[in-house]
Amino acid sequence: MSRDLSRRTKLVLYGVLLVLAIPFVFPTWWMVTSSLKPVADIFAFPPQLLPVHPQLDAYQRVFELQPFGRQYLNSLYIALVVTVGTLAVSALSGYAFARIRFRGQNVLFLVVLAGLLIPSEVTIVPLFQMFFKLGLIDTHWPLILVPILGAPSVLATFIMRQFFISLPGELEEAARVDGLGRFATFWKVALPLSRPALGAVGIFTFLHSWNLYLEPIVFLSTPEKFTLPQALTQFVDAYGGPMWNVQLAAASLTALPVLVVFVIAQKQFVEGLAHTGLKG
Amino acid sequence: MSQTDIRVGGAPAPPTPGQASRPWWTSRRRDQLAGYLFIAPQLLGSLLFVFLPLGLVVWYSLHEWNVLAGTFDFVGADNYTALADDPNLGSVLRATGLFSVGLVVFNLALALLLAVLLNQKLRGTIVFRTIFFSPVVVSLVAWTIVWGFLLQDNGGVNGLLDTIGVDGPNWLRGEGSAMLSVIVVQVFKNVGLNMVLFLAALQGVPAELYEAAEVDGASRMRQFWRITVPLISPTILLTSIITVVGSLQVFAQIAVLTQGGPGTSTTVLVYYLYQQAFQFHHFGYGATLSILLFGIVLALTVLQWQMRKRWVFHES
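Respectively, the protein sequence lines represent chains C and V.
Going by the UniProt record's numbering, 44 is the number at position 44 of the first sequence; the sequence numbering is gapless.
Going by the UniProt record's numbering, 22 is the number at position 22 of the second sequence; the sequence numbering is gapless.
It is worth saying that the hints were derived from the structure and are not from the lab.
All of these numbers come straight from a predicted model, not from anything done at the bench.
Incorrect hints may appear among the rest.
[Claimed, not checked] Okay, derived cross-link-like pairs now, DSS-like style, lysine-lysine, Cα gap no bigger than 27 Å in a straight line:
1) C:Lys225 <-> C:Lys133
2) C:Lys267 <-> C:Lys10
3) V:Lys121 <-> C:Lys10
4) V:Lys121 <-> C:Lys267
Construct the entire structure; sequences and hints are all you get.
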């Protein structure tokens with residue numbers, strides 16, 4: 001569809017794109033600017049697109065009201081462990097399903113793939129009970145083990161498998177002829193070639209863990225152990241009403257670092273996603 | 001294992017007949033073992049955290065189980081009868097259906113529109129692509145909180161509407177507008193994912209097809225429906241499956257924006273399940289609702305997979 005366009009068409013297109021961009025940009029802008037406003041100005045009319053009395057009080061309150069630094073660390077370390085773990089599990093099994101021939105391979109692949117039809121929401125009740133029996137309620141273990149080994153990693157395995165299938169096999173065969181074992185072939189030859197797929201899977205695994213909400217509120221009860229999404233909803237006044245500017249300050253602290261990384265590395269994010277097996 | 005099996009497995013040519021004793025521990029067997037070891041973490045993980053809990057869900061659903069009262073009694077199909085008689089069931093299913101249909105329609109339509117716009121020969125499309133994709137990386141709860149703030153009666157959306165002379169409703173307090181709000185918030189959050197997948201598919205459509213259609217005098221609209229849509233139909237199928245299954249899992253947005261209200265107008269199935277199991281401590285009934293959720297996911301996936309045969313133009 002990429003044909004040369006007349007000047008008028010181009011102007012119209014830019015106009016449409018700019019209007020469409022508003023609901024994507026305005027919320028983030030409004031979140032950050034409102035977090036810098038005193039409570040009295042938050043619902044001022046007409047809306048203040050820039051804070052008239054900018055201040056950082058809300059940011060100070062975020063750390064006074066909750067162990068927010070600790071909660072930030074919880075989310076970050078859980079997401080990192082889940083990402084590394086998922087990459088290890090899914091690269092290994094994705095590689096085996098794509099490259100190694102073993103008995104029952106197709107059946108086992110279907111068994112693993114069936115996990116895609118069983119989201120964690122379906123199994124949350126027994127998962128709670130299982131971790132309760134193991135004495136792991138109000139610990140981070142469920143938030144780490146379930147994503148790495150359960151349903152969420154199945155999609156990662158599928159993407160890794162598709163990617164390994166698309167790789168030309170000659171290099172690996174050469175390595176095998178040179179006497180490298182399976183693991184060495186995987187580790188030294190196949191894995192370095194799969195960096196784009198690992199990047200895409202890594203990014204989306206990180207975001208998935210970073211966004212989890214149902215699991216933390218089911219499994220965790222101590223504020224020191226909370227993750228960010230759970231902590232964000234706790235900035236309420238004595239009547240249960242949200243303390244808007246504090247909540248928005250905490251939301252800004254949660255969202256902005258990831259947004260900055262995204263803008264810097266947007267090419268890897270977007271193209272990595274489009275070109276790894278998920279392409280359909 | 002017979003040699004025929006080995007050949008089926010795609011092994012190197014079997015040894016010439018007549019070769020006397022062949023060692024049992026061959027490199028072929030060693031490789032098979034490597035295969036099993038490589039998939040072991042995933043397979044054991046699936047058994048432990050997917051299939052065992054799925055079996056337990058079935059078992060629990062046959063029990064009257066109140067955690068607070070400490071009761072766990074086998075009641076057969078009672079929970080399923082209770083489900084059929086549940087006065088909330090109709091409203092929960094309607095909310096779930098409305099949300100899923102609304103989300104899929106808005107999401108796919110907007111994603112396709114954005115992808116087509118970004119596929120034009122224009123400068124700066126990368127900037128717009130980055131903008132449309134950016135909410136995908138914003139923390140879900142942070143994004144939802146901001147929209148909850150924007151959608152207050154005296155919030156940013158109504159403030160903006162007011163400046164152009166429109167008197168907006170109290171979005172999260174009206175039954176219809178609450179559902180619409182939850183859908184729209186979710187569409188803007190994740191439409192960038194489908195947009196990127198569509199964009200990749202559009203770039204794979206050969207330009208000669210459009211040139212030929214142009215020569216034949218086909219209008220742009222006609223070209224879109226007759227060339228573009230059929231050629232990207234595999235991607236449309238993929239994105240609709242992902243979006244439908246994702247829409248059934250919606251939870252955080254409901255919990256933060258509406259808590260299922262007003263009334264039960266936005267109480268979707270997962271939220272109802274959470275309420276029953278973890279707020280009212282009816283684990284047995286929660287398990288029964290889980291089975292219902294699983295059944296719906298399964299049925300929809302099978303249905304869409306069947307539709308592939310009729311609708312999808314080709315398989316890549």
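Consistency of the hints with the structure:
1. Between lysine 225 (chain C) and lysine 133 (chain C), the direct Cα distance comes to roughly 20 Å. Compliance with the 27 Å bound is thereby established for this hinted pair.
2. Between lysine 267 (chain C) and lysine 10 (chain C), the direct Cα distance comes to roughly 24 Å. Compliance with the 27 Å bound is thereby established for this hinted pair.
3. Restraint check: the Cα-Cα separation between lysine 121 (chain V) and lysine 10 (chain C) comes to about 9 Å, which is no more than 27 Å; the hinted pair holds.
4. Taking the CA atoms of lysine 121 (chain V) and lysine 267 (chain C), the gap is about 19 Å. The hint holds against a cut of 27 Å.
Going through the hint list in order, the structure satisfies each hint without exception.
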